[in-house]
Amino acid sequence: MLTRFRFRRDAAWTAALLLAGCNLDVSQPGLIDASTFDPLADARTLSMSAQQNFYDAFADLINSTALYSGETWTGAVRQESNDIGRRAIVDTNIDLNGNFWAPLQAVIATNDQVVDVLRETADFNVSIHAARSSLWSGFAIAMMGEIFCQGVIDVGPPLTPAQTLDSAIVRFQRALQITSGLSSAEATKILNAARVGMARAQLHKGDFPLAAQTASAVPADFVASAIYVDDPQSRGRTANGVFTFSAGTTQIVAADYRLLTDPRIPFADAGGTAQDGRSRLFRQRKYNGFTDPIRVASGLEARYIIAEARLRQGDTAPARALIEERRLAGTQPPFTDTGEPAILAELMNQRARDFWLEGRHLGDAIRNPSATPFIPATGVPFYKPDQGEFGPLTCLDVPFVEKANNPNFR
Amino acid sequence: MTTAGSIGSPVARALLALAMTAGSVAAHAPRAQSEAGGLLARPANLQVEHISLQRALQELTRLSGVPLAYSPSMLPGRRKVSCRCARVSVATALDSLLHGTGFAYREADGQVMLVPGPPGSLPAAGADPPLPGTAALGALSATLLGADGAQPPFITQPALVHAATIAGSVTSEGGGPVAGALVTSLRSRLSATTDATGRFRIVVPVGRIAAGPDALRLERIGYGSTDVPFELHNGDIRVDAVLPLQAVALDQVVVTGTAGNQERRAQAAVIGTIDAAEVVRQSPIQNVTQMLQARLPGINITESSGTTGAAARIHIRGASSISLSNQPLVFLDGVRIDGGTRGLVNVSGALTVGQAPSALNDLNPGDIESIEVVKGPAAATLYGADASAGVIQIITKRGRMGSRSFAQEFTFEYDHIMPNFEVPSNWARCTAALIAPTSPNPLCRGQDTGTLVSDNPAGRIHAFRNGRLGSFRYTARGGGESYGYFASFGIADERGTTLNDRLEQRSGRVNFTFAPTPRLTFDAGMGLVRTENELPRSDQDAYGYYIQSILGSPLTVRDDASDGSIRGGMLFASTSLESLSSIISRVSALRVTPSVQVRFAPVPWFSNRITLGADITEGTGFQLFPRNDQGWYPDRLPAGNGDVESTQEADRSYTVDYLGNVHAEWPSARLASDLSFGSQFIQRVSSRLSGAGAGLATNTAYLVTNAAVSTVGQGFGESRSHGLFVQEQIGWRDRLFLQFGLRADRNSAFGSEVGTFHLPKFGASWVVSEEPFWDGLSAVVPTVRLRAAWGTTGRSPSSGASLETWSTAKFVNENGQLELGIVPGNPGNADLKPERGKELELGFDAALLNDRLGIEFTWFDKTTTDLLVSVPVSPSSGFGASPLGNIGEVVNRGAELMLHATPVSRRNLVWDVRLNASTLHNEVTGLGTAGTFIHNFRAFVPGRQIAAWWVHRIREVDEAAQRVIVSDTAEFSGNQLPTFHASLATTLTLWRNLRVYAQLERKSGYHVLNLNQEFRDRSARSSASVNLPAGQGGYDTVDRLRRLGPYISERTGLPVGVANVKEPYVQKGDHFRLRELTATLALPMSLVRRIGASAAALTVGGRNLGLWAADFEGHDPEVLGFGPHPTGLNQIFNSDVFTTPPSRRWIVRLNVQY
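Chains as they are written, first to last, in the working numbering: chain A, 1 to 410; chain B, 411 to 1564.
The shape of chain A in the complex, shown without the other chains (with noise of 0.2 Å):
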C-alpha cells in the first residue's frame, strides 16, 4: 500500500516535472523582430538610420579611394593596406568589400528599402523620407558607378558603369521630383544636393551638355555635408571617420600634396613614425575632430562639373574662370595656358586640391585618366620600395563575396 502510494506520488511529480519543462517561449528583448517592426509608421527612423549609413560610408570611402588613388599613403603594417596603396588588388582582397564595395551597398539598400515601403502610400510623392532615401542611395550608386568596373543593385545583375550611374540618375530624378514641391531647408538641401549627385553622374558617363545643365541650378554657395558627433560607443558610425582614422599612426599624407603647400590641403608633421616604424608621420589637417562635417556636395562642385562639361564640349571660359579664381585661394599665381588638354589638367588640378579628402579623386582618375594629378604612374616604384611598384590604375573589381553569393553572377 505504501509502496503504490509512494509510487503514485513519485508519478505526479515526474509529470510536474515534464509540463513545466514545456514551455519554449523564450523572452529576446535585444532582438527586434521585423515582424513587430512597422516599417511605415517608422519611415523617418528607417530613413534617418539610412542617411547616417550614408554618412559612414562615405567617410570609409574617402579614406580607402585615398590610397588607391595617391591622396594619401599607408604607415600601416598590415599587408593588405600596402596592397591597395600600390594598386594590387584582386577580387578576394578583403579590404575591397569590407572598405569599398560593401559600406556602398548597405547605403543603397537601406535607402532603397525606405523607398520601397513609402512607394505605395497615397503622400510619395510628398515624403521628404523618400526624397532623402533616395538622394543617398543615388550618391551610393553614383559612386560605385564611379569607380568599380561592375554595379550591382540589390543582388540584381551586373550593370556596365553607364547601367550604374543611370540607376544612380533616376534616383536622383526622384529626389527632384519630390521635393520641387517641398519647401523646407531639408528639402532644399535635398534638391540642391540631388542636382549635384546627378550632375556628376552624368559627366562620368560623358553625358557633358546635361550634366552642365543639371550643375547650373545648383547655388554657388550651396554646401551639403555628411554631420557627425562624439559618442563613444558609435564613433565608428557617427563620427568623422576621416578624422578618427587620421589621429592613428596609420595615414599619412603624400607626398605629391604635401609639396603643394596649398591652404587647401592642411597637414602637420606628428613628430615621429607611423605605425610602419619607417615612414615619418604626416597628419591631415582638414578635419581636426570627431564633429566636423564631411562635404558631400556643394556650388563648388556643380562649378567644376559644368567647367569640366564645358570644356570637353569646346568651352573654355567656365573653366579658366574657375582655375583662375581657385588658383588664387590656393595661393598659385595666375594660370596661362590656353590649351584643351592643359586647362583640363589644370581644371583636375585645381579639382584634386578642393576635393582632397572628400572622395573624388578616384573617380576623377578614372574619367580622365591622362590628366588627372598625383597619381604615381604604373611601374614606378612604391612609396616602400621594398613593396615593389604601383600596378595599373583600373576600375575596381567586384569583390568576391558577391561574386559568389549573387546568383546573377554564376
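It is worth saying that the hints were derived from the structure and are not from the lab. No experiment lies behind these values; they were computed from the predicted model shown. The beta carbon of each residue, even a glycine, is placed where N, CA and C say it ideally should be. Be careful, since some hints might not be right.
[As the list claims (entries may be wrong)] The calculated label-pair distances, taken between Cβ atoms and stated as ranges, are:
(1) D116/A / S1097/B: 28 to 38 Å
(2) V380/A / N876/B: 27 to 37 Å
(3) S35/A / R1062/B: 21 to 31 Å
(4) G236/A / G1125/B: 11 to 21 Å
(5) V1448/B / P385/A: 29 to 39 Å
(6) D1446/B / V380/A: 19 to 29 Å
(7) T861/B / P333/A: 40 to 50 Å
(8) R870/B / D256/A: 47 to 57 Å
(9) D154/A / L1148/B: 56 to 66 Å
(10) V1448/B / A377/A: 24 to 34 Å
(11) R855/B / V380/A: 47 to 57 Å
(12) A41/A / G1125/B: 21 to 31 Å
With chain A's structure known, arrange chain B on it following the hints.
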C-alpha cells in the same frame, strides 16, 4: 550520483551495503552451515549457463537477495559454470557452483561468506588453476598479527575490538605499489585510499566493532576488484594485498549517456573515462582543460596561448559544424554547466574575443573523481539535439557513506613559469637622417647610411619574464552510517609571464550524500568559486607586448630623454613597459553550482533518479586605459584622456532531469530487460549591462560616470530545450546486449510552433569471450567485447536565429543630436532546424597477455547533415549579418586506438604504458545552394576539409625576371584540423616509492597560418631573414622572391596583392611535444609519522618542456590567434597572430594525507 571508480558495480554496492553486519566465522568451517529458515534456505532463482563463476555468484546475489562475501581474486577466474537452480535453495545453488573449487560457505550475521576450504578440498591440479592456501597465495597474502606480533588464535566468540589498526600495502601482481586504490573494510565500513607507495592505514574506533572475520575490498580503475579476508581483533593488523591487472574493465559503471544497465559491458558506444584523481596525483596539471589534454583518443585540445587562465579549444572527433560551436557540452554531476569562454573584456583586438578566460577551468581539479567523455552522436543521443560535438561529464568526489571514517589531504604547489620563447630582434638599415652626430638614434648615430642595425625592445624592457604559481588545496572526505561527505577548499595565485597577467582563484565544494533507507538516496552538492583574471592585451590588439615588440623598428630607438634612457623601437613611439602594463583588463566571476539528486527505488524493479541543478555566474569585466600625458595610446581618442569600460553579466543555467528505469527478467529465457525513460529540461539565461566612458579627470576616479562622455549597453539572451526519451535495453545471458532508443527534442531557437526533433539510436554489445566457444582462446585473449552503435544528435542555434531581425544603430538627426535608429540585421530563416549528426561506431575491447595489455579500438563515421551555415549573403542585399541555413554536409571519419600495457611488473620496477592514437578524415561533402565560399583565406569547399586553407599558390619563381607567377585564383593549401593525433604516456615505478611519468604528444596533417612571420617579412621588413644576407640567416634569392614577390597572375599578367599569396606562410603544424614530465617520491614513513600524517609525496616536474616542429617557423604551432571562438567561422582558424605562445612551467608539489 554513482561515480566510476568508487564502487564497481550495482552488485558490488549491494554487497557492500549488506555486508555491514557480518559476524564471526571460522576460516576453516565445515563446507556448509545452513540455518533453518536462514539466508541459505531462500530460493536461489538462478538460471545460468556457461558463465564465469564470479558472474554466477553476482547473479545469485541479485536474484536471491542473499548477500555473498568473497574475494573475487581467489576464485578460479576462468572457470565457467552452469546452474539450473531456479527452484532450489541458495545452499543448493552454492553447492553446485562451488563444486570442485575448494571453497566453503557459511551464513553469519546476515550474509553468506565464501572462504577457502581445507587443503584437501582444493581442486585437483589441471582441473582449474590451483587455488593457493591462505599463507601462500600467489595473488594475495593476508598475514594476521596479534598485538605482540604472534599469530592470534581464531576468534569464535564475538568480542568488542578495543583498539585496532589495519595497515598494509597494495601492490600489483608484479609487486609494484598501487596508488589511489580504495580500501574498504566490509564489516566496519571504514575505508582509506592508498598513497603513492601503495600503503594504507585504517584505524578502527574503540569499542565499536565486534571482533571476527572481516574482508578488505580493494578497488582501482585498471585492476580487478578484490576482497581480502582477514581477522579483526585488537592491536595492529597487517594486510598486504595484490590487485590483479584488469586491462578491460567490463563491469565498470559509466553514468554518462547511459540508462538501465550502466556497466561498460552493456554499452554499445565507447565512453571515455579519465581517472581524474590519478591525473591530479601524477601530472603537472593546473586545470580541467589540461586534465583532458591528450588523455583519450579523439579529443583534440589546442591550448591557444600562454596567457594565464585563457581558454583552450576543445574538439572531439573533429569539427562537425561551420557556424555553430564545436565545443562539447559540459555537465557537472548531471547538471549542464558553462564550459566556454568568459568574454567580458576584449583583449585581442576588434575582430576577436581571443584570450578570454575559461569557464571550464573554474572547477578545481582536486574536486574531481573522474571525467567521462561521450564522443559523438552514437553515444550522445540521450543528451538531445545539441550534443553532436560530444559531452563531457565531470563527476565530483563524494563522501564515503557507511565508512565512519574521516580523511584529509593537503596539497601545496609552487610553479615556476617561463615564457618558453624569445622575441626575435628587429632589423633595419640606417637612414641618412639618423647617422648624424646629433641623431637621437644611438644605433645609427655615427654609422654609415645603410648600416644594418638591430634592436630587441622586448628584451630591453624585459617585457616577458618568469611567472609563478602558488596554490594550496585541502580536501576532507568521510562518512557515517548512512551519510557521506566531501569538502574542499582551494586557493591559487598565478602570475603569468607579463606584468599584468594574473589569475587568482578561490574555490570550495561541499558534497553530501544521505541514504535514509536502502531505497532512497539524496546527493547534494554545492561548488563555489571566485576567480579574478587580469589579462594582458594579446593577439591583434595593438597594445600587446608581443605585437608592440616584433613590429617595432630599430630606427625609432631614441636616447634623447633627459635621463639618457633608451626608448622607442616599439610599434608605437610612445610605447614603454609602463604604458603597456598600466592597461587594466580584468575579468572577475563568482560562480555557484548547486545540485541535488534523488534516487528512489520504490520497488526493486523500478528505480528513479531526479536531478535538479543550476550554474549561476555573476561576472564583471573592467577595462581601463589610464589618462596620461605621454601619448601612450595613440589610437584611443581623444588621445591621452583615458577611457574605461565596465560590464556586468549574469549567466544562469538550470537543469531538471528525470530518469526512470524498469527492470525485468525472464530467467528461463536468460533475458533481462531495462526500459528507461526520462525527460530533460535546460534553461539558459544571460543578461549583460555595460558602460563605457571616455575622458577621465584623474585615474583614481574611474567609474564610467566619471568620464566626460559615457554610454551604456545592454544584452539579453535566453534559450530553453526540452527532451523526452525512451530506451529499451535487452540483455541475453549478460553477455549480449541490444539497445533501442528514441529522444524527442524541442528547442526555443525554433519557437513553440516548430515540430519536435526526433533522435533515434541503436546499439549492440557482445562479450564474446564469455561464450563457450571462446574457451580455447581464453588463455591467450581472456576478454573480448565487440560493439556497434548508431545514434543521432544535433546542434541548435541560439534563440531567435530563425527570425528576420533589425539591429539598433544610432543616427545623427537634423539638429545634430543622436537618436536611436535601426538597420537590417539578420535576414532570418523561417525553415531553420537543428543540425543533425548521425554516427556509426564500431569497435572492440580486448585484453591480451594475461590482462597485461588492453586494447580499445573504435572506428567512427559521423555525418552532420542539415549543416547550419552562416551563408555569406551578397553584400548588395544590404544585410549586415549572414543568415543561418540548413545547407550541406560534413563528414568526420576515423579510427581511435587506446592501448594500455604493463610490460614490466616487478616488485621494484613497474612500467606502465598508455598509447592513444586517432585519425581524422574531415570533409565537407556538400554545401547545397551555398556553394563554395571563402572567408579570410579559408574555404568551405566540397571534397576538402572544413575551413581548409585557400590562398593563391605559387606556380613559378622566375629568378631571371625577378618575379613570381601565381595562380589566378585561390586554391587549396592545407588542412586546419590535424589528421593524426597521438599521445604516449608512460610511468615507471621504481623501488615502490619513486614514480617517473612522462607524456609525449604528436599532431600532424595540418597547417597553421604564421602571420607573425608574414608581417615581419613583408610589411614591417624587420625580420632577420629579410635583412641578413643569404649565408647569414637571410633568405636566398628564390626564397626571398617566394615570400616577397612581386606576384603576377598567371592568367592576366596583372599584379596580385602580396597579402593574397599566403602560401609561404601557411606552414605545416606537425609537431612532437613533451607535454608532461614528473617524478613523484613517496616520503619515508619515518618522516611522515613525525608529522602525524599517514602518507606524503613530493612531486617535481614540468609541463610543455619540449617542442619539435620542424616545418613551422613560429614559436608554437598550437597558438590560436583568433582564440577558441565558441561559434562562427573563426572558431577554425589556426593562426599565429602576435599571440603569446604557451609557457613552460616547472612544478614542485607536496601532498600530505592524514
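Here is how each hint holds up against the structure:
no.: 1; hint: D116/A / S1097/B: 28 to 38 Å; result: holds, 36 Å
no.: 2; hint: V380/A / N876/B: 27 to 37 Å; result: violated, 51 Å
no.: 3; hint: S35/A / R1062/B: 21 to 31 Å; result: holds, 28 Å
no.: 4; hint: G236/A / G1125/B: 11 to 21 Å; result: holds, 18 Å
no.: 5; hint: V1448/B / P385/A: 29 to 39 Å; result: violated, 21 Å
no.: 6; hint: D1446/B / V380/A: 19 to 29 Å; result: holds, 28 Å
no.: 7; hint: T861/B / P333/A: 40 to 50 Å; result: holds, 44 Å
no.: 8; hint: R870/B / D256/A: 47 to 57 Å; result: violated, 37 Å
no.: 9; hint: D154/A / L1148/B: 56 to 66 Å; result: holds, 57 Å
no.: 10; hint: V1448/B / A377/A: 24 to 34 Å; result: holds, 30 Å
no.: 11; hint: R855/B / V380/A: 47 to 57 Å; result: violated, 33 Å
no.: 12; hint: A41/A / G1125/B: 21 to 31 Å; result: holds, 26 Å
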